[in-house]
Structures are given as structure tokens and as C-alpha cells.
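Going down the list, the sequences are from chains U and D. Counting from 1, one number per residue, gives the positions in the first sequence under my numbering. Counting from 1, one number per residue, gives the positions in the second sequence under my numbering.
Mixed in with the good hints there might be a few duds.
Identical copies look the same in the list; a pair holds intra-copy or inter-copy alike.
As the list claims (entries may be wrong) - SDA-like mimics (lysine to any residue), calculated; alpha carbons at most 25 Å apart, straight line:
#  : residue 1 : residue 2
1  : Lys-321   : Asp-75
2  : Lys-293   : Gly-172
3  : Lys-321   : Tyr-412
4  : Lys-321   : Thr-407
5  : Lys-293   : Leu-24
6  : Lys-321   : Leu-418
7  : Lys-321   : Val-210
8  : Lys-293   : Ala-205
9  : Lys-293   : Thr-433
10 : Lys-293   : Glu-280
11 : Lys-293   : Leu-378
12 : Lys-321   : Gly-410
13 : Lys-293   : Gln-391
14 : Lys-321   : Leu-477
The set of hints was computed from the structure by calculation and includes no laboratory data. Model, not experiment: these values are computed from the prediction.
Number of protein chains: 2
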Amino acid sequence: MTPASPNRDRPLAALLVPDLLELLEEAPEAIASQTEELHPADLADICEAFPEAQLAPFLAALPRDRAADVLEYLDEEVRVTLLEELTAREAASLVGAMTPDDRADILEELDEDVADEVLAELTPEARRETEQLLEYDPYSAGGLMTTEFVSVAESTTVEAALASVRAMARAGRKEAMNTVYTVDDGGRLRGVLSLRELLAAPEGARLSDVAWTDIVTVLPTAAQEEVAQLTSNYDLVSIPVVDDSRRLIGVVTVDDVIDVIQEEQTEDVQKLGGMEAIEEPYLTAGFFTVLGKRAGWLSILFVGEMFTASAIQRFEGELAKAIVLTLFIPLIIASGGNSGSQATSLIIRAMALGEVTLRDWWRVASREIPSGLTLGALLGAIGFVRIVAWQWMHDAGWRIGGLALGTDYGTYHVRLALTIWIALIGVVTFGSTVGSMLPFLLRRFGFDPASASAPLVATLVDVTGLVIYFSAAALILGGALL
Amino acid sequence: MTPASPNRDRPLAALLVPDLLELLEEAPEAIASQTEELHPADLADICEAFPEAQLAPFLAALPRDRAADVLEYLDEEVRVTLLEELTAREAASLVGAMTPDDRADILEELDEDVADEVLAELTPEARRETEQLLEYDPYSAGGLMTTEFVSVAESTTVEAALASVRAMARAGRKEAMNTVYTVDDGGRLRGVLSLRELLAAPEGARLSDVAWTDIVTVLPTAAQEEVAQLTSNYDLVSIPVVDDSRRLIGVVTVDDVIDVIQEEQTEDVQKLGGMEAIEEPYLTAGFFTVLGKRAGWLSILFVGEMFTASAIQRFEGELAKAIVLTLFIPLIIASGGNSGSQATSLIIRAMALGEVTLRDWWRVASREIPSGLTLGALLGAIGFVRIVAWQWMHDAGWRIGGLALGTDYGTYHVRLALTIWIALIGVVTFGSTVGSMLPFLLRRFGFDPASASAPLVATLVDVTGLVIYFSAAALILGGALL
Chain U
1 MTPASPNRDR PLAALLVPDL LELLEEAPEA IASQTEELHP ADLADICEAF
51 PEAQLAPFLA ALPRDRAADV LEYLDEEVRV TLLEELTARE AASLVGAMTP
101 DDRADILEEL DEDVADEVLA ELTPEARRET EQLLEYDPYS AGGLMTTEFV
151 SVAESTTVEA ALASVRAMAR AGRKEAMNTV YTVDDGGRLR GVLSLRELLA
201 APEGARLSDV AWTDIVTVLP TAAQEEVAQL TSNYDLVSIP VVDDSRRLIG
251 VVTVDDVIDV IQEEQTEDVQ KLGGMEAIEE PYLTAGFFTV LGKRAGWLSI
301 LFVGEMFTAS AIQRFEGELA KAIVLTLFIP LIIASGGNSG SQATSLIIRA
351 MALGEVTLRD WWRVASREIP SGLTLGALLG AIGFVRIVAW QWMHDAGWRI
401 GGLALGTDYG TYHVRLALTI WIALIGVVTF GSTVGSMLPF LLRRFGFDPA
451 SASAPLVATL VDVTGLVIYF SAAALILGGA LL
Chain D
1 MTPASPNRDR PLAALLVPDL LELLEEAPEA IASQTEELHP ADLADICEAF
51 PEAQLAPFLA ALPRDRAADV LEYLDEEVRV TLLEELTARE AASLVGAMTP
101 DDRADILEEL DEDVADEVLA ELTPEARRET EQLLEYDPYS AGGLMTTEFV
151 SVAESTTVEA ALASVRAMAR AGRKEAMNTV YTVDDGGRLR GVLSLRELLA
201 APEGARLSDV AWTDIVTVLP TAAQEEVAQL TSNYDLVSIP VVDDSRRLIG
251 VVTVDDVIDV IQEEQTEDVQ KLGGMEAIEE PYLTAGFFTV LGKRAGWLSI
301 LFVGEMFTAS AIQRFEGELA KAIVLTLFIP LIIASGGNSG SQATSLIIRA
351 MALGEVTLRD WWRVASREIP SGLTLGALLG AIGFVRIVAW QWMHDAGWRI
401 GGLALGTDYG TYHVRLALTI WIALIGVVTF GSTVGSMLPF LLRRFGFDPA
451 SASAPLVATL VDVTGLVIYF SAAALILGGA LL
């Protein structure tokens with residue numbers, strides 16, 4: 001799926017695959033120059049459309065740095081297949097040309113044995129760098145960071161700093177180069193300035209005079225969500241990672257942060273839908289993988305929902321006397337589930353954005369309970385009117401053509417309508433409360449609040465909803481229908 | 001909610017508010033230097049903790065550019081109150097110091113009359129720039145872009161380009177400065193290179209020799225989702241906006257893209273929960289605002305769910321004969337809703353990421369129907385075993401203490417269990433199909449697919465689910481219980 005730039009009429013891949021395959025056969029030496037203007041993401045899309053056997057020769061026809069860029073944008077599955085086909089030396093040559101963080105990410109995807117072989121073929125420096133990165137949890141700042149960044153002594157002059165940035169850029173180093181970090185003699189982070197600010201700085205100044213010293217930093221163990229939240233709150237393009245003694249050990253760049261935000265959101269939406277998160281895209285994930293992620297929760301919810309059968313059974317006597325009560329069972333429990341689903345999605349999202357924290361539970365509850373009461377009263381009013389109106393149409397004998405309008409709910413229809421109203425106030429309030437409090441409970445006990453899915457809330461609300469309904473019925477219809 | 005950097009022990013705001021208020025009273029001229037190292041996002045958090053009356057004097061004590069930076073990070077509500085209190089001239093002086101895109105965004109928040117007065121006080125150039133930006137849909141590339149960017153003629157030499165970037169940076173221009181765009185004589189976009197690449201370029205080269213020419217661009221009318229998707233796919237830090245003749249008219253920067261991604265996600269999660277999206281944070285949004293966004297959908301769903309009452313009524317005769325069927329109504333319809341909720345969240349997310357487009361509907365359906373059949377068969381098996389097992393425990397007279405285990409489902413309990421099994425296969429398959437196809441239908445007819453919320457899918461599935469259940473019952477229990 002390439003979202004083509006709007007100036008293109010058809011996907012690049014369709015356009016170029018046949019030409020490039022022909023070129024690969026007849027004049028592979030021309031491939032580098034013919035494709036040099038393409039964005040590596042586009043070239044990766046084109047490669048994914050190649051027959052599998054042509055992929056390795058094609059990448060071999062590109063300059064090594066370029067091939068490494070393309071490799072980075074390939075689909076994980078294609079990349080793994082490719083790297084496992086190459087010799088360890090060939091693979092090492094490719095991944096050796098990548099930035100350290102991408103290199104570590106890619107080795108993480110491979111079989112451990114294959115990864116070890118590739119590691120052994122890297123230069124000692126690259127191997128050491130990569131092994132260090134591989135030690136961090138891939139979902140932490142350490143797992144996201146690159147170790148290629150620009151740091152200079154804070155006593156450096158602006159000119160000297162610019163010259164050293166220029167030298168590094170010419171040496172082909174790539175990442176985190178829009179920001180310059182200043183460090184003291186012990187390598188501890190002291191200041192930060194953007195390349196733009198470095199250019200704007202007065203000649204002759206020292207970096208310590210012009211760099212910012214209020215720096216947002218993270219520890220390598222910081223969760224990736226925290227990195228994403230800081231980047232977004234402070235509008236950063238990169239965030240420095242420091243160790244306990246504030247020594248600069250890496251930098252997380254904004255492109256990786258965007259990937260994190262997208263992944264976290266995918267996870268949240270899928271969990272909110274009542275399933276485990278799947279890592280691959282929907283259409284390329286295996287059928288049974290997706291099925292497995294759905295079956296677990298679906299079965300748990302099913303077993304939970306079985307208690308509704310027991311709840312109804314307790315009231316079988318009442319139901320036998322007043323079968324009309326059965327009609328409104330789905331309506332009443334669904335309303336509790338729906339209001340709970342609204343509440344849970346509000347709170348989960350507010351937690352993900354850091355707008356609501358554990359301490360706010362009471363503020364949330366004191367909004368949700370009155371919300372539930374109001375919404376329940378509203379729905380109850382609609383239900384009340386509907387029952388009374390249909391009864392009235394029935395009694396008045398309204399018809400359209402041969403079709404009788406209205407419904408006969410019996411002698412006690414006003415009491416029935418009142419039962420529905422009261423039950424809805426109770427059920428909707430209960431739903432809103434459970435839906436809003438469940439994310440707090442889950443977070444409090446160390447689970448992901450997004451697991452408070454709409455289906456889970458609905459299941460929790462259904463059993464209690466039935467009890468509320470039948471209790472309201474016993475109260476209001478007792479002595480009459482019951 | 002400031003996520004404090006990990007090196008801080010308590011929130012900055014709590015630390016500094018009393019000191020700064022004291023300083024404001026006693027030595028306001030010292031405020032600028034005392035706060036100059038703080039990130040404007042932090043300073044904004046501190047300002048939000050001030051008594052309302054102190055906010056304007058405090059900002060007045062800061063240098064104008066700095067005050068403008070802080071203004072940009074303030075909560076929308078605080079900012080609007082502040083700007084509406086200032087004179088138009090004061091407000092114009094503040095927003096005049098902002099980047100054009102932020103200025104336009106902020107004027108959009110104000111009352112139209114106030115905004116017009118502020119506009120009238122801007123310099124003619126700033127006014128023209130702002131009015132142009134205000135004409136774009138705020139949710140389009142045009143509404144997101146800034147008009148401050150660096151573009152140079154492609155015939156410029158590397159040195160001359162660097163000198164002009166330096167001059168612009170020294171003149172205090174801020175945004176989109178990490179990327180240099182090259183244009184031809186007609187102002188049409190020709191190339192792009194990062195500041196890093198400009199620094200790395202060989203001396204004496206012309207920009208046309210070193211700039212990239214395969215450029216990802218958008219039209220000003222492009223939806224913000226498209227901008228976000230391109231930025232994320234191509235790992236961009238900025239994306240140029242061009243008009244129909246490819247003239248460069250603006251640039252969208254990655255910090256605004258991250259905000260878009262977060263907003264879109266908030267919208268999706270809230271819609272997925274079955275309500276309209278709210279724009280403000282949950283805890284600061286008005287009680288009745290949130291209530292209004294919930295009440296509409298909740299009422300629609302309630303009215304939709306009323307059809308379940310009619311559906312059950314059609315089978316009242318059967319229910320009167322076999323009241324045991326009532327027990328499983330919630331279980332069966334909830335299972336359809338849950339599988340539908342899973343399917344809809346999978347598809348909505350895949351659509352948001354561009355993994356699935358309209359054309360893929362059949363590929364999706366051909367995965368979801370077998371998924372539904374499999375999951376339905378699984379749940380049905382659990383249901384079958386449960387009924388048969390409880391009956392067996394009842395028949396065997398199992399007890400724990402005084403409590404009888406098991407349940408008597410009557411003579412036809414195997415047929416009943418079979419009914420549940422068959423009904424679940426039908427209902428879960430129907431749920432998965434509706435849940436996965438509804439987002440396609442909505443998108444096809446120009447609605448947001450995220451409106452295919454879990455509650456909406458459940459409501460659609462409930463009525464049909466009941467019909468499937470009672471039909472299965474008629475088929476399997478007909479002649480026996482019915």
C-alpha cells in the first residue's frame with residue numbers, strides 16, 4: 001500500500017517493476033543511476049512486487065548504503081526471508097550500513113542463530129554498538145534510540161562545532177543530525193541546540209553560551225509511551241537518552257516516535273474491540289494468528305456471559321407469570337453496555353494522552369454517576385413513551401391497511417413502562433460507572449487500561465443489569481402482574 | 001498534566017508558581033532572565049496554575065517572542081480567555097510574533113468579531129499571510145501548513161544557500177528550517193535537501209546538483225489524515241504543500257503531524273465507543289458538552305434496539321411453551337456483538353493505517369466469514385458442553401453442602417444444547433460479517449468508518465441474532481418442545 005504522492009497517476013510499483021526487472025537482466029550496472037532519485041520507501045515498495053528470487057540480485061546492484069536504506073523500509077516478512085537467504089557475510093555488509101538502532105531492530109526480527117552469525121561478521125565496533133542496543137527492551141527508550149548523534153564539548157566555539165557537524169555529515173552519518181548536544185568533560189549532557197540555532201549563533205560564541213540547558217531527557221528504561229508523550233508535548237524532533245549519571249548514551253528520533261504512536265494506537269483500538277493486539281497488518285497476518293487473538297477473549301467473554309443464564313433462571317418464576325418482561329431484556333442490558341462502552345472509551349483515551357491519571361478516579365466518578373443518571377432518565381423516558389404510545393394505538397385500534405399498529409402490553413402497562421424507566425436509570429448509571437472505573441482498576445493492578453474493552457464492560461454490566469431489571473419489576477409490578 | 005522529565009522530583013509548576021508570583025509583584029523586570037532556560041511548554045503549564053488576573057501581566061513581563069511561544073502551548077480555554085481580555089492591539093502584538101500557522105490556528109479559536117479586530121491590528125504582511133491561511137479548511141494540509149520555510153533558487157551555490165539560511169535563522173524565523181527547498185524561476189518546487197545534507201554538500205556545487213528531486217508533496221486541499229500517512233510512511237520531518245502548478249506555498253512540520261495523529265486517534269476511539277468525538281480533554285470539557293455527545297448516539301442505539309422487543313414478540317408463542325429459551329437470549333446476542341466488535345475494530349484500524357482500502361472488501365469478507373464460522377463453532381461447543389454437563393450434574397444429584405449443582409433443562413436438553421450451538425455459529429458469523437463490512441459501507445457513502453462503533457454493530461446484530469436463534473429453535477425443537 002503506497003499512498004502515492006498526488007502528482008502520480010498510478011502506483012510507482014506497477015510502473016517500474018517490469019522496467020527494472022528487464023534492466024536487472026540486461027544492464028544491472030545501470031540500476032543504481034536509474035533509481036537514484038527514488039525515495040527508499042518507494043523503492044522498497046517496488047522491491048516487494050519483485051519475484052522473490054530477483055530481490056537479492058537487485059539489492060546487490062545498488063550501492064551498499066542505498067540497499068541498506070531500502071532494506072529498512074521493506075515489510076518485515078520480506079526482509080526476514082531475504083536476510084536468511086543471504087550468507088551471513090552479505091547480510092552483515094547490508095545491515096552494517098544501517099544506523100545502529102535500525103540494525104538492532106532488524107537483528108531482533110531474525111532467528112537468534114542467524115542473528116548471531118550476522119553479528120559475528122560485523123566490524124568489532126558495530127558489533128559492540130549493536131550488542132549494547134540489543135540488551136535494551138525493544139519497547140523502551142533504550143530499544144528505540146540510535147547511538148549515532150552529534151555531541152560536542154560545551155567549550156567548543158560555534159565555528160568549530162559547525163565544522164565538526166560538517167565533517168560528520170560528509171562521513172555519511174545520518175541520524176539525529178538536526179540537533180547538536182553539548183557535554184561536559186565527563187560526557188554528561190549539558191545543553192542542546194538545533195542545527196538552525198547553531199547556524200544562527202554569533203560567530204566566536206562558545207556553545208555553552210548559546211545552547212539550551214533545560215533539556216527534556218529520558219532514561220534508557222523509560223517506556224516507549226513516555227517517550228512518545230514527551231515528544232508530543234514538547235514538539236521535539238529528537239529526545240536524548242541519558243544514563244543515571246546523566247551521560248548521553250543515545251537519541252530517539254521523531255520518525256521512530258511516530259511509529260510508536262501508531263503501534264500503540266493499533267494496540268489500543270484492537271484491545272478496545274475485545275481482542276488481543278495483532279502485530280502485523282490485518283491482511284498479511286496469518287488467518288490463524290488473528291483467529292487465535294480473537295478466540296481467547298471471545299471465549300472468556302462467553303463464559304462470563306453465561307452468568308446471564310443463571311441470573312434469568314433465578315427469575316424464571318416471575319418470567320413465567322409475566323412473559324412480557326422478556327421483551328425488554330435485550331433493550332435494557334444493551335443500554336447499560338452502550339453507556340459503559342462510551343465511558344470506557346472516554347477514559348482509556350484520556351489516560352493514553354495523560355489527561356487523566358490514577359489520582360483522578362474520584363473526579364471521573366463524580367462526573368460519570370450524574371451522567372449515567374441523566375442518560376438513563378432520558379432513555380427511560382423514551383422507553384416509557386414508547387410503551388404507553390403503542391398501548392394507546394392498540395387500544396384505539398389504529399391500523400394501516402390490514403396491519404394493526406400498537407401493541408397490547410396488558411392491564412398493567414403503565415406499571416410496566418415505569419419498570420422500564422426505573423430499570424434504565426439503574427442500568428445506565430451502573431454501566432457508566434463500571435465503564436469509567438474499570439480502566440482505573442486495571443491500571444491500578446498493572447494491566448493495560450485498554451483491556452477494558454466495550455465487550456468486557458458489556459459482559460460485566462449484563463448480569464447486574466438483569467438483576468436490576470427484575471428487582472425493579474418485583475418492586476413496581478409486585479402484587480399486580482407478579 | 002506535565003509529564004515531568006525523569007530528573008525532576010516534583011512538578012515544575014508546583015515548584016515555581018509562588019516564586020514567580022512574588023517576583024511579578026516585586027521585580028517583574030527579572031522574570032525574563034529567571035525563566036529563560038525553561039521550555040515554553042513548561043512555562044505554559046506554570047502559567048495555567050496562576051490566578052487568572054496575573055496571567056496577562058506575567059506574559060507582558062516576558063520578551064514578546066517568548067510570550068508568544070508560551071501562548072502557543074497554553075490550554076485552548078486559558079488562551080481564549082486571555083486573548084479576549086487583552087486589547088486588540090496587545091493581542092495582535094502577541095500573535096504577530098507567532099509562526100503564521102499557529103497564528104491562524106489561534107485566531108480560529110476566537111470569536112469571529114474578536115479575531116477580526118486582532119487581524120486588523122496586524123502588520124499588512126502578517127494580515128495577508130494569516131487571512132490566506134484562514135481560508136483553508138483547518139483539517140487540510142493548507143490548514144496545517146506554515147508559510148515560513150526556506151526556499152532558494154536551484155541555481156544557487158551551496159555556500160550562498162547556507163549564507164541565506166544563516167541570515168534567515170538570525171532574523172529569528174523559526175519553522176521548517178531543517179529542510180531547504182529549491183525552486184525554479186517560476187517558484188515551482190524542484191528539489192529538497194536537509195540542512196545536514198546542505199552542510200555535507202561539496203563546496204562550489206549548485207543546489208540542483210545535490211538536492212533530491214523525488215519529492216513527496218501534497219496539495220493544500222489534502223486531508224490531514226493523508227498528510228499524516230505520508231509523513232509516517234516516508235519518515236519525513238516536514239512535507240511541502242504545492243499548488244496545482246507545483247508552486248511551493250507552504251510546509252507542514254512533523255510536530256503538527258503528531259498532533260493530527262493524536263487527535264484523529266482520540267476521535268476514532270470515542271466514535272468506536274459509540275459517541276460523537278469531543279474536542280477538549282475529558283476533565284476540562286463541560287459536563288453538558290460530553291453529555292450531549294453521548295446522548296445522541298445512545299438514543300439512536302436505544303431506538304434501534306427497540307426492534308429486539310418486536311423480534312421477541314413475534315416468538316412469544318414459542319417462548320411461552322419453552323421459557324428455557326429465554327435463558328440464553330443475552331448469551332447469544334452478546335456473542336454476536338462481541339465478534340462484531342472485534343471485526344469492526346480490526347478493520348477500522350487497518351483503514352486508518354491505509355492497510356485496507358475500499359477495494360479490499362472482498363478479501364476482508366473472505367477472511368471474516370470463515371473466522372466467524374470457526375469462532376461460532378468454538379463458542380457453540382462451549383455452550384453445548386455446559387448445558388449437557390449441567391444437566392448431567394443435575395441428573396446425578398451432585399451437591400456441595402446444601403447447594404444443588406447442575407440445572408434441569410428438561411427432557412429435550414440435548415436438542416436445546418444443539419440449538420444453542422447452531423444459533424451461535426449463525427450469530428457469530430453474522431456478527432463478524434456485519435462488523436467487518438459496516439466500515440466499508442460507511443466509507444463508501446462518505447461517512448467516517450470509525451462510526452461503525454462496537455455498540456452500533458451490536459445493535460444491528462441483536463435483532464437478527466434473535467431471529468437466527470428462534471429459527472434454529474423452531475428447526476431443532478419443533479415437534480418436541482415447540
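Cross-check of the supplied hints:
1. Taking the closest pair of Cα atoms, Lys-321 and Asp-75 never come within 25 Å of each other, the shortest separation being 62 Å inside a single copy and 58 Å across copies.
2. Proximity of Lys-293 to Gly-172 under the C-alpha cut-off of 25 Å is found in neither arrangement, the shortest distances being 43 Å within a copy and 53 Å between copies.
3. For a Cα distance limit of 25 Å, the shortest separation of Lys-321 from Tyr-412 qualifies both inside one copy, at 13 Å, and across copies, at 23 Å.
4. Taking the shortest Cα distances, Lys-321 and Thr-407 sit within 25 Å of each other both inside one copy (19 Å) and across copies (21 Å).
5. For a Cα distance limit of 25 Å, the shortest separation of Lys-293 from Leu-24 qualifies neither inside one copy, at 41 Å, nor across copies, at 58 Å.
6. In this homomeric assembly, Lys-321 and Leu-418 come within 25 Å of each other (Cα to Cα) only inside a single copy, at 18 Å, whereas the closest approach across copies is 27 Å.
7. Proximity of Lys-321 and Val-210 under a CA criterion of 25 Å is satisfied in neither setting, with 84 Å inside one chain copy and 86 Å between copies.
8. In the homo-oligomer, the alpha carbons of Lys-293 and Ala-205 never lie at most 25 Å apart, since the shortest distance is 59 Å inside one protomer and 56 Å across protomers.
9. Only between protomers do Lys-293 and Thr-433 lie at most 25 Å apart by alpha-carbon distance; the minimum there is 17 Å, versus 28 Å within a single protomer.
10. In this homomeric assembly, Lys-293 and Glu-280 come within 25 Å of each other (Cα to Cα) only inside a single copy, at 12 Å, whereas the closest approach across copies is 33 Å.
11. In this homomeric assembly, Lys-293 and Leu-378 come within 25 Å of each other (Cα to Cα) only across copies, at 14 Å, whereas the closest approach inside a single copy is 38 Å.
12. Taking the shortest alpha-carbon separations for Lys-321 and Gly-410, both the intra-copy value of 12 Å and the inter-copy value of 19 Å come in at or below 25 Å.
13. Taking identical chains as interchangeable, the C-alpha atoms of Lys-293 and Gln-391 are never at most 25 Å apart, the minima being 47 Å within one chain and 32 Å between chains.
14. Proximity of Lys-321 and Leu-477 under a CA criterion of 25 Å is satisfied in both settings, with 11 Å inside one chain copy and 23 Å between copies.
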